[in-house]
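Spelled out from the first residue to the last, the chains are:
There are 2 protein chains.
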Amino acid sequence: MQAEIIAVGTEILLGQITNTNSTYIAQGLAELGIDSYYQTVVGDNPKRLTAAIEIAAQRNDLVILSGGLGPTKDDLTKQTVAQYLNVSLIEEPTAMQKITAFFDQSQQVMTANNRLQALYPAGATPLVNHNGLAVGAFYQSPDSADFLLLPGPPRELTMMFDTEAKPKLQAVYGHQAQIYSRVLRFFGISESELATRLQPLIATQAAVTIAPYAKANEVTLRLSAQADTQTAAKQLIDATETQIKVAAGDYLYGYGDDNSLAQVVVQRLIDCRLSITAAESLTAGMFQSTIGSVPGVSAIFPGGFVTYANAVKHQLVNVPQAVIDHDGVVSEATAKAMASGAQQQLQTDVALSFTGSAGPDPLEGQPAGTVWIGLAYRDKAPIARLYHFAGDRQRIRERSVLAGLDLLRRQLVLDKLLEK
Amino acid sequence: MQAEIIAVGTEILLGQITNTNSTYIAQGLAELGIDSYYQTVVGDNPKRLTAAIEIAAQRNDLVILSGGLGPTKDDLTKQTVAQYLNVSLIEEPTAMQKITAFFDQSQQVMTANNRLQALYPAGATPLVNHNGLAVGAFYQSPDSADFLLLPGPPRELTMMFDTEAKPKLQAVYGHQAQIYSRVLRFFGISESELATRLQPLIATQAAVTIAPYAKANEVTLRLSAQADTQTAAKQLIDATETQIKVAAGDYLYGYGDDNSLAQVVVQRLIDCRLSITAAESLTAGMFQSTIGSVPGVSAIFPGGFVTYANAVKHQLVNVPQAVIDHDGVVSEATAKAMASGAQQQLQTDVALSFTGSAGPDPLEGQPAGTVWIGLAYRDKAPIARLYHFAGDRQRIRERSVLAGLDLLRRQLVLDKLLEK
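Chains as they are written, first to last, in full-length UniProt numbering: chain A, 1 to 420; chain B, 1 to 420.
Hints in this document: simulated from the structure, not taken from any laboratory.
Since this is a predicted model, take the numbers as computed values, not measurements.
You may find that some hints are simply not true.
Identical copies carry no separate label here, and so any pair may be met within one copy or between two of them.
[To be verified] Listed next, the in silico DSBU-like pairs over lysine-lysine satisfying Cα-Cα at most 35 Å (straight line):
1) Lys168 with Lys47
2) Lys73 with Lys166
3) Lys245 with Lys73
Sequences are here, hints too, so could you generate the full structure?
So, in structure tokens, the structure goes:
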């Protein structure tokens, strides 16, 4: 079983947009255990699209096309595939109703070309577009490759692929096996270090696929297993996760594709009703903005301070001038004083502080990337940790924010408010 | 003249990374006026790579490959291309010295396979890798398509393509024409609105290519012109820009690929020595973090306030409780009081304030996306503007920050501190 993804769109060939659709479909195929050895991009040109389809249909069992289902004269994918398959295009009534209703509601005039969006190749199964008007299609051919037609806009494509196409691909090509997958998220460990620690496991583990993926400032592992039942597949994943935790559990902070260190930590603060504030120098509000991204944070986050200038560190969070004079602003003492001062000002359970050099220039003779992060936690004495981050100004600031979240996460683990 | 881009890498086929290399090369080809009708992705497999090369060489004058130049056993691009061309691989001495020096310096043992990185097909022009060890190559063939071999890591690829490959492509295929391009950046206007305003210009303008591109929250236009000299090409661009300014100059805020509204506004504040602070509610520090991303901002940004809770709006920036009680926090009066209060606290020339609902829930009965932005500018009376932003929580906050920067930019234009 082998599939090829063809993305249709002149804007990709001109470099005006990046082809994220093929990445998304490729991930899905990998999860389904369907091999994919080629991807192609071709423009909105029927002759060249036909050539690409011919090549793909010859070397594959399934050809997946994205793009070119819309109403404009550039959108020719359905027409070209129907011609290749020698079938006509027929109208999907529900999709047609949706198009008419859309134009009624928006009080725009519906031009004839909009009807094209409800057409699909005769003999195919139409696929509902939950985020748009153009209908998709899955065509099983007795004597050629099968075809899957998906829309181009990523919101429409990802939704249709996940909800409409994937279950059909699973049913037709999946050999009845059930797939279960889980994403584990790590912070503070590099992809190569994690891969080294898991090497024995990856080498001996045949039933579960372990795919590491380095994202910005963190690493995720996607575990996938196939079995006869969902329960059996889940058990395989559970057993593998237990072994992964032995090797690198200290760095595991959460699960899921759509998750982040900030979400895990802030949600826990909300659940435990622990209030938080911060005094930020080099991060200049990025930490507070990051925790502010979590819905419901207002219950535990009254506000905080950006204390860039030395005088403002004194004015807003009472860092003693003597501390700055004696230890400097990039120091353990200043980091602790900032955290304590912020905590006192707003009477919170938790306060973090960030002071250091984001670069490009050194600060107080400390090279860019030297950062002290302070933590005042409940009635404990404040602590501070020294970090050395590599990279440019933005990356140093981002890593500082994540390191602050991780410092707090580890404190919550120590305090038994978070499971390890 | 027609080129095809082949990205080599199993990790792309598995959806583990997105193929940004092809996007980057495609942009460069568009600028050079070289047509590209197909892109292909193939894995690290010599048989399938050969098949992809055969198809591409048949339908194109130039085949550009990225990836597979490294030292591991998966890296087979050079070997496969050399075999296809029936030439041997020879060693590039300078690249070899660089590899040896790298291993000497890092005190790692150099294994034999690292020598592979200095090899290139006999008869080709080797291309220097300024950001890595693997050498590239440009091979002009008398009887087949030409070949350009580039490394896979994006940092290495973009640098080699820009500094080594592009000038050679220009010299060989460019018909001596000189290309000049310029990027114009717009905020506050949609891509479709901008395209509509520029439609007459785009339709009649043959000498200059006008390519609009919608980025997150802004629109850029890339203008490109070819002429016999750089000066002539630049004059064509200048004339087109003048016409664009007539149609949409109000929204034009800057130039260049690597620029942003924050950079333009903050740099101008630094140049004019105008100090700035902010009091942020729904943006929770994102405005200050954004201006904090510009190097040198510390000269004009002493710090500021995140005032999420109502009590903190009063405590930190003296918003009268009566204003909150009477007008609510999502109000013109509160936005003005926050801006004035922040300005007074830190004695700055400029202060911005942000108050509104980021969602998902309404605030004070105002739907998510309702945002008041306040501006206290020098000794003028504070002003505030009401916005209604669509999208999710993060997008509403991002748009608020940009709207604040734009509000300030327009004030600087009014004050003749920024050219329109």
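Go through the copies and call it for Lys245 and Lys73: within, between, both or neither, with a Cα cutoff of 35 Å.
between (54 Å within a copy, 31 Å between copies)
Within, between, both or neither: Lys168, Lys47 at alpha-carbon 35 Å
Classified as both; 30 Å inside a copy, 31 Å across copies.
Which holds for Lys73 with Lys166 at a C-alpha limit of 35 Å: within a copy, between copies, both or neither?
Classified as both: same-chain Cα gap 29 Å, cross-chain 34 Å, threshold 35 Å.
Figure legend: structure checked against the earlier numbered hints; every hint is met.
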